[in-house]
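Chains as they are written, first to last, in this note's numbering: chain E, 1 to 141; chain Y, 1001 to 1491; chain H, 2001 to 2236.
Hint data in this document are derived by calculation from the structure and do not stem from the laboratory. Glycine included, C-beta positions come from ideal geometry on N, C-alpha and C. There's no promise every hint is true.
[To be verified] Reference listing, derived: stretches of chain E covered by chain H, where coverage requires no fewer than 3 residues with Cβ under 8 Å from a Cβ of chain H:
1) 40–46
2) 73–79
3) 107–113
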Amino acid sequence: MDDLVVLRVGTKILIPFILLFALYVQFHGDYGPGGGFQAGVIFAAAYVLYALVFGIGNALRVMPAKVVYACGAVGVMIFVGTGFVTMGLGGVFLDYNVLAHEPSHGQHYGIIAVELGVLVTVFGVMVAIFYAFAGRRRLDP
Amino acid sequence: MSQHLPVLIVVVPLLLAPLAALVGNWKAAWIVAAAASWWAFGVSIALVRRVLAEGTISYEIGGWAAPYGIEYRIDLVSAFVAMIVATIGAVAIIYARTSVRAEVSEDRGALFYSAFILCFTGLLGISVTGDVFNIFVFLEVSSLSAYALIAMGQDRRALTAAYQYLIMGSVGATFIVIGIGLMYSMTGTLNIADLAERLPAVADNRTIPVAFTFLTVGITLKLALFPLHLWLPNAYTYAPSAVTAFIASTATKVAVYLLLRFFFTVFGAEFSFEQMQLDKVLMPLALVAIVTMSLVAIYQDNVKRLLAYSSVAQIGYMVLGISFASVLGVTAGILHLFNHALMKGALFMAMGCVMYRVGSVRLERMKGLGKKMPWTMAAFVGGGLSLIGVPFTVGFVSKWYLVQAALERGMWPVAAVVMFGSLLAVIYVWKVVEVAYFQEADPDDDIREAPLGLLIPTWALVIASFYFGIDATTTADIATRAAEVLLGVGP
Amino acid sequence: MIEFVDVALLVLLAITGVTIIRLRNLFAAVMMAGIYSLLSAALFVVMDAVDVAFTEAAVGAGISTVLMLGTLALVGHQEKKPRRPAIVPLFVVLVTGGILVYGTSQMPPFGHADNPIHQHVAPYYLEESEHDIEIPNVVTSVLSSYRGYDTMGETAVVFTAMVGVLLLLARGPLPRRVLLGGEWRTVRPGTTREELRAEAAHALDADGSDGDGSGGTTPGSPGSEDIVGEQGGKHG
């Protein structure tokens, strides 16, 4: 336990920066490389790092498996739902122009919404798969 | 609302798939899945009617014009294939309620139905899209979910079967995406109509024939055309009954659709059959598939595996039709898509009924079932007659067109092989009938008829296979017009 | 200079690939796979596909390495020796590779401005994105808006992957269903034939026979179908 102290302290220092970087990648996607997918993976990587160092039990207390599974599903619904909203506002499916008075603003809103959907799904799925693997016992000792 | 129908057939199920996973318990998930399937079924009928009345429908997703954005482009072929998928899905979901409850552990129920909707959505997405990369995306959705669904079979070997399918399917998908990439590098577009316009100009460049080769091999892997069929028998044998019935009647059909789409629309019949000499490869493979796979089917003692080999043989018929590259041949292929979906769906569902009551579909366990499960076995005989191609069944209609197409080209030996295939079908269907009706049952077994929840969907398909066998004018008319669209003749 | 970097990266990539194939120690193979992804990411950077490089580095080198290590924790570190050299697969791979080389030999040179991919759709994106969407990163506008529907499909693919993994792995080993005494029951993996027979005879509740973690004491060919076949005859 004690010999992990460097690892633990190091991880504690690193994680906030990784999370911040993920947010940067998410919201700076309009200007630089990145977007929901990359941000989701980075978020998941930070979380997996936490789980590896502090144990899966602690990780499950931060975010129970059900919440993670729900993230995976909700993200898809956000993305598809955006399409339904644009249809409801009189456009075609995923026509973000109708989301605001100014078409280009609508595009911005639309992109933020769908990138959020991607982020949530990718994060949820990555962590869910990690949980599924980490939660298994070894079959042949 | 109605102008959005082309996209709604896909996105409504896609919205419902995560919902099914979220609701958690299998009963609620089933209701969601049933809503998705029946919604798509209704929309698909509406789409076929609209395409018949108004011609090709185009829907520009995101409001971006065609080569820049993604276009849904529904012609008669797309609409017809989407209708086949949706119809089988709508019937299979009813069947699944009873069958899956028995064969799949309850704690997997909600996710199972979520995967079922995803598979269904993916197949629909492939059939209605007008963009080659979009085809690949939805192919992935349908394939990944299909692997998981197959692994849910009650036999442990389902896992190996699913793994085998996963490897072969992934190789196929990779080949397809390489082909798409090569086409893109030469044309700069991913839109099917745009590709069709721009490809002829660069067709002499080596890259395009290679793209064509990769696409053909990739799709035939998904299609399980002999000799790339090795994944299919295990997958069909060990998958849950409802999954086998659904996938056997839809997944390979959609792969045939992809062949049609790439050969005739994207590359054009001239390039595919004159420059690439495709018929010289496809026709022998199809004929070998028909004969050898029917022969292999005869020697199976697991009836689901028997039917699986028969499916590989039947895929041979469809590909044979395509390889004529004539209106009559392609009509036969498209007709057989629909007809085979009905009869194989019915047959696999009948086997699911046997599974439900007997716990096995091995031949030796089916002794005397003709008396104990009269409706189930009658359904099997009905589907079997169609498989053989007896008049007044759908099987007869497609074989009739196929023989005509062969004779039109003066290829009477090919017609003879088609007939011979029917003869072999008689043998393997009879094998089952003989055991079920003419061998004495173990008197100790208290096997009862399958519940109505299984029999009604099974019989729905059996009756449909007779109905469209007796009155083939609607389907034959649609198939002929679809073939004319593909070959660019007629209206 | 760029050519040199290209060649160096590709050679390293090839060496890593061959090494992965030849390694029998799976732990080492997983590590090499991580390196492979990192090299690919570097290659993508050289090709100016920074977004792809980003993803490859995070997913290929990061998360999937962790997942593969998780798998190794379940299945062990050593790969069995292949029984015979895989001649047919080698042949298939060589033919495929040969065709690919043949097919790309007349492909337009990489990055040339006259290439078809830079002449048709791409100029529209480059010129109109600024006006249509008003964001400077054209990659984002293509992915999220022009071809947003594909991204939606990809999100669905990712979700499908989760559904698939959870179907197989969530909540412990995959339970199987068998027909026992006219009723479908759940059987946990690891249940032996004898236990099943006893259950069939007594029609006990199947949940009593929990798996001992030994992953199926009836390994190999006789699957549960045969088990069902045997006991089904005895019942009644």
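Hints and how they fare:
1. Only when three residues or more bring their CB closer than 8 Å to a CB of chain H does the claim for the segment 40–46 of chain E stand; here the count is 4, and the claim holds.
2. Beta-carbon proximity to chain H at under 8 Å applies to 4 residues in the segment 73–79 of chain E; the threshold of 3 is reached and the given coverage holds.
3. With 4 residues carrying a beta carbon less than 8 Å from a beta carbon of chain H, the segment 107–113 of chain E meets the three-residue requirement, and the given coverage holds.
Checked against the numbered hints given earlier, the structure satisfies every one of them.
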